[in-house]
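Residues 262 to 345 (the working numbering) make up the sequence shown, in order.
Hints in this document: simulated from the structure, not taken from any laboratory.
Note that this is a predicted model, so its numbers are computed, not measured.
Treat the hints loosely; a few may be bogus.
Label pairs and their computed distance ranges (CB to CB) [said to hold, decoys possible]:
hint, residue 1, residue 2, range
1, Thr278, Gly342, 18 to 24 Å
2, Ala265, Ser321, 28 to 34 Å
3, Thr304, Leu269, 28 to 34 Å
4, Arg277, Ser339, 31 to 37 Å
5, Ala265, Lys314, 31 to 37 Å
6, Gly334, Arg284, 16 to 22 Å
7, Ser321, Glu291, 30 to 36 Å
In this text, a Cβ means the ideal position worked out from N, Cα and C, and glycines have one as well.
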Amino acid sequence: PANAYYELSALLLDWRTGVIEVRLIGQNDEVLIHRYNDQTTPTGRTLMIALNKANLSTRSLNQRIFDRLIADGVLTGSVTGTVQ
262 PANAYYELSA LLLDWRTGVI EVRLIGQNDE VLIHRYNDQT TPTGRTLMIA LNKANLSTRS
322 LNQRIFDRLI ADGVLTGSVT GTVQ
């Protein structure tokens, strides 16, 4: 079924291997897992370095994760809400 809502379930940042794993739960309880690693563009390590330097006072970590997934074509749509 179509999904109009995803919630961040887990975020793994493995600095040793440069892998990021994002786990989302959809409104229909479906699970979506997406991984960034040294074979993806951008790489997991590149994203971790940018995240480490990010100012999260204007755009939350949660919002930035969804922004990235949308930019990379993993999800379609937009992110709504306020920084908590």
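Against the earlier hints, flag every one the structure doesn't satisfy and list their numbers going up.
-> 1, 2, 3 and 7
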